Amino acid sequence: MTTTASAHSTERTALADPHPTRVCALDRLTPDLGVAALVDGVQVAVFLLDDGSVHAVQNLCPFSGASVMSRGITGSRADEPTIASPIYKQVFSLLTGACLATMDKEPQPGLEGRLRVYRAWVESGEVWVDISDSH
Amino acid sequence: MGAKRVVVVGAGMVAQRFVQSLRADDTDGRYEIEVYGEEQYAPYDRVALTSFFAKAGPEELLLGSQDLWDDPNVTLHSSTRVAAIDRDAQTVTLDDGSQRSYDELVLATGSSAWAPPVPGVDLPGVFMYRTLDDVAQLRDWVRAKQAIVGRPVRGAVIGGGLLGLEAAGALQSMGATATVVEFANRLMALQVDDSGGEALKSLIQRLGVQVKCGVATSEVVADADGNVGTLKFSNGGEQLVDVVVFATGIRPRDDLARAAELQVGERGGVVVDDACRTEDPHVSAIGECAAASADGFMSIGLIAPGNTMADVTAHRLLGRAEVYFGADTATKLKLLGVDVASFGDAFATTPGALEVVYSDPFSGAYKKLVMTDDASVLLGGMFVGDASAYATLRPMVGAELPGDPSSWILPEGQAERPDVELPDAANVCSCNNVTAGSIRHAVNEDGIHDLGELKSHTKAGTACGSCLPLVKKILNTELEKSGIEVSEALCEHFAMSRASLFSAIQVAGLTTFTDIIERFGSGHGCDICKPTVGSILASIYNGHVLADDRAALQDTNDRFMANVQKDGTYSVVPRIPGGEITPDKLMVIAEVAQDYGLYTKITGGQRIDLFGARLEQLPEIWQRLVDAGMESGHAYGKSLRTVKSCVGSSWCRYGVQDSAGMAIKLELRYRGLRSPHKIKVGVSGCARECAEARGKDVGVIATEKGWNVYVGGNGGFTPKHAQLLAEDVDEDTVFQVIDRYLMLYIRTADRLQRTAPWQEEYEGGLDAIRDVILNDSLGICADLDEHMTHHIDTYEDEWKAVLSDPKRLSQFTSFVNAPDQADPTLMYVEERGQRRPATPAERAELAAAGSEK
Amino acid sequence: MTTTIPANAVAVCAYDDLIPDLGVAALVGDTQVAVFRLDDDSVRAVQNLCPFSGASVMSRGITGSRGDEPTIASPIYKQVFSLVTGECLVTMDKLPVTGSADLAVYQVSIDNGQVMINLAGGQ
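So the sequences go chain by chain: A, B and C.
For the first sequence, the numbering used here assigns the number 1 to the initial residue and increments by one for each residue that follows.
For the second sequence, the numbering used here assigns the number 1 to the initial residue and increments by one for each residue that follows.
For the third sequence, the numbering used here assigns the number 1 to the initial residue and increments by one for each residue that follows.
Derived by calculation from the structure, the hints in this document are not laboratory data.
Because the structure is a prediction, the values reported are computed rather than measured.
If a hint is listed, it holds; no wrong ones were tucked in.
DSS-like, lysine-lysine: derived pairs with alpha carbons at most 25 Å apart:
no., chain 1, residue 1, chain 2, residue 2
1, A, Lys89, B, Lys678
2, B, Lys472, B, Lys720
3, B, Lys678, B, Lys665
4, C, Lys94, B, Lys705
5, A, Lys89, B, Lys472
6, B, Lys332, A, Lys105
7, B, Lys459, A, Lys105
8, B, Lys473, A, Lys105
9, C, Lys78, B, Lys705
10, B, Lys473, A, Lys89
11, A, Lys105, A, Lys89
12, B, Lys566, A, Lys105
13, B, Lys720, B, Lys473
14, B, Lys473, B, Lys678
15, A, Lys105, B, Lys472
16, B, Lys800, B, Lys665
17, B, Lys473, B, Lys459
18, A, Lys89, B, Lys566
19, B, Lys601, B, Lys800
20, B, Lys566, B, Lys678
21, B, Lys459, B, Lys481
22, B, Lys472, B, Lys459
23, B, Lys585, B, Lys800
24, C, Lys78, C, Lys94
25, B, Lys585, B, Lys601
26, B, Lys232, B, Lys212
27, B, Lys334, A, Lys105
28, B, Lys459, A, Lys89
Throw the hints in and build the complete structure from the sequences for me.
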């Protein structure tokens with residue numbers, strides 16, 4: 001086991017059994033306008049993109065420590081869909097959660113400089129998120 | 001013939017520099033290098049040790065690239081100590097007893113922290129401040145203490161020099177209190193004189209660090225658990241402590257050299273000549289462990305001379321004779337955010353030297369220049385609190401200083417400073433110490449032609465960002481010089497400038513982002529181009545910021561029509577046109593603040609700022625304002641902010657026109673106007689200029705005959721006085737001139753370009769702008785007028801509009817699936833009778849208190 | 001509107017209440033009077049209305065002298081007037097708002113420790 005992987009795995013095992021959660025109706029979402037959702041005490045930012053895909057990432061912005069990612073601006077870097085933090089404008093991939101532009105800032109102490117990405121999907125007109133399924 | 005072997009003892013910063021320097025020039029592979037370091041890490045940036053507390057891990061402090069250690073000619077042995085040197089056999093013995101032979105030996109053992117032999121110095125909870133392990137242990141100790149004591153951890157630092165103040169800053173950053181105890185009668189005794197020390201002390205105390213000077217620590221006493229508990233001072237005083245850091249100096253590590261019978265200096269350090277050779281031609285010493293002849297056989301605890309010694313030695317091994325001329329002890333530091341700098345003969349030891357001193361007890365700044373007895377030649381200087389002149393002055397030591405010496409240390413604007421072209425040595429980015437020369441070098445030699453890359457490459461403008469316009473200017477000037485076309489691309493999605501995009505959208509009559517990016521751009525947009533297009537659409541068509549698909553284009557302030565704060569809540573600034581308000585309305589604002597627990601502050605723009613409103617509370621707050629006949633205001637966004645005014649002729653005995661009335665008319669005329677950057681306006685009722693209108697983008701100043709209109713003023717990083725555009729004009733002309741000026745600016749300025757740089761860079765400057773506005777030289781005045789009239793006619797209270805639109809209102813929800821639940825991560829503490837966001841340390845404390853219940 | 005002008009001297013305050021060079025305003029009938037005790041312990045009274053601003057503020061001005069002439073300066077635009085004759089000595093390039101540029105001067109006496117003003121006895 002490498003030390004870098006351990007932080008992830010402990011977080012994952014801390015969660016209960018997989019339990020997909022219904023977040024809201026799909027038609028509650030406006031393309032490119034994120035919403036925040038509270039799933040078992042975890043704040044999740046949910047986005048519907050203009051290609052009809054839905055994405056969920058942690059709502060906590062690692063660089064400001066504020067729970068605001070849902071209020072960021074969506075966009076793209078080449079083909080990668082992105083979300084920019086509304087506080088200091090760091091850009092993250094909505095697919096991998098990787099930080100694509102740190103704006104030369106460091107994340108807040110104790111926070112990783114990336115976003116956790118949760119599995120999100122649409123089923124019978126409802127948006128679902130599974131916070132036990134993340135990377 | 002095989003490669004010769006260089007053994008480097010020590011794996012610190014100077015060792016890394018030596019290896020890098022040797023490998024860079026040893027293209028034939030004449031040397032193989034073995035580096036032995038006792039620490040478990042590859043060489044790291046010891047100077048930046050304090051930043052460890054803000055970093056994820058030690059790896060972020062590592063110096064240079066890993067490629068250096070992957071080089072087949074280089075082997076790094078971490079956690080390996082060299083125990084002895086046999087100069088006759090040309091071997092070193094390692095701590096496991098094995099031996100390695102060398103052709104060349106380089107001592108780079110550095111120095112070690114030294115603590116006075118007071119009782120209790122080895123108690124748990126007493127730390128040094130020298131290595132990564134030191135600071136990691138210090139951090140763990142403070143965190144563990146924090147969890148136990150349930151109050152801020154009490155910290156003390158013994159030693160008020162550079163490292164001591166760094167350590168105090170580190171303690172504070174972890175939420176601990178910090179007291180600095182210094183044996184000498186002032187802080188930073190090596191860098192500053194008594195007055196400078198006093199200034200530094202008071203500046204640091206303002207930051208919450210306690211300072212005791214002229215006090216010796218006599219004993220560290222244990223608490224009941226056997227950990228550090230109390231400091232006892234020689235004057236009989238005592239202080240309770242949970243953690244103590246000793247930063248009482250360093251001693252060169254010359255024990256290996258002593259054992260090998262190499263000559264050492266009187267105050268320690270291996271004696272070397274000006275080529276960094278010891279008396280043994282195959283043994284060199286570099287950095288803090290060396291005592292060079294050029295430094296008077298004294299060890300120097302600074303990184304820059306160590307790097308020079310490393311280069312000199314590496315080049316000598318390759319057959320290039322270079323000379324180490326001794327250390328330049330000029331230093332410029334930022335300690336706890338306070339500038340401290342000294343250079344040259346800072347203590348005025350030259351016979352007959354004159355001292356020119358400026359000291360401002362209010363700002364806390366202390367500045368001193370040392371001149372020759374005829375006040376013509378600069379000998380040295382000292383700065384505390386404001387070292388902005390350091391970069392320009394330091395290269396001028398020994399040269400004649402143009403102008404009156406005092407003009408260099410008086411606050412900007414109080415004396416005419418002679419015009420000196422920005423020299424290569426000028427410090428453009430004072431946060432990261434980046435000079436104009438290194439920016440020019442990056443552009444011209446490293447081929448960096450993009451501002452973003454230039455930032456990452458040079459680090460200029462990456463901390464506070466206030467120097468970015470200057471960096472961009474240097475970039476563009478250099479590019480123009482070399483005939484390279486300056487890219488005007490907005491971002492990867494639009495290959496045109498904001499001004500071109502503005503005309504393109506206007507001519508094509510496009511109204512949605514989807515159509516615009518399809519026609520003129522590519523991809524899905526980003527946080528650069530989306531708000532720009534949002535602003536252009538607002539400028540051209542007005543209409544609601546959240547109309548159609550525009551909401552997704554807006555940055556968070558425009559999207560939620562309030563000012564986002566660091567914790568993700570918002571501030572609301574009710575519009576108070578001209579700063580004029582009735583007591584009734586004032587009471588409504590007070591009630592709103594009270595009901596929602598909003599931190600309340602009067603702004604510089606004559607408004608009242610209410611902080612800490614949650615997203616879902618914004619519509620309720622606007623409703624209260626609307627009910628009272630008010631509206632919220634644009635203290636945010638790239639738009640008209642505020643029209644500041646004095647009270648004017650209706651009350652003031654000097655006022656010659658009704659400036660408050662004029663300000664109200666202007667604010668109501670231009671409110672909601674979206675622009676490339678924020679716009680500020682000021683109106684003064686007479687030439688006394690109490691509204692500071694000439695510091696605004698548009699300044700209107702009353703005259704006996706009417707009004708003067710000034711444009712292009714700016715506060716902030718590069719203050720500029722506004723220039724006269726129209727003189728003694730009547731009210732209608734005031735409006736017309738400003739209408740046209742603002743519209744021209746909105747159409748042609750760059751993204752995030754304020755009016756001052758815009759009118760400076762507009763072809764033909766302000767004269768050309770005046771010609772367009774007053775003489776209609778481009779024949780566009782009717783168009784500009786019509787455009788502004790459209791804006792004024794279509795203005796709507798955008799906050800009220802949201803209240804009556806359920807779809808837009810639904811955006812103002814805490815959680816889409818739990819709208820009744822507020823963001824649980826928000827935490828506040830009370831300060832001076834109001835609340836503010838808790839600091840990370842306070843949050844930890846609040847969380848701990850919460851879980852106990 | 002009728003204006004009351006007492007025919008005789010009217011007591012306005014105790015002499016001991018006056019502080020040298022600090023004027024006070026007094027109401028005699030309907031007329032506002034600025035009263036000054038100077039540092040030679042003499043007492044002077046002039047109209048409180050400043051002719052150049054129209055504000056009743058002369059009592060708040062700064063006393064001084066031009067040559068041997070004791071003076072009072074208006075606190076609004078700093079015109080200087082003689083406390084002996086009421087004449088405006090320095091107009092600061094301004095014109096009076098209404099009427100004369102000079103101040104009316106009233107007769108002052110001390111009687112039994114009281115400062116007495118006689119409006120009818122002015123110049």
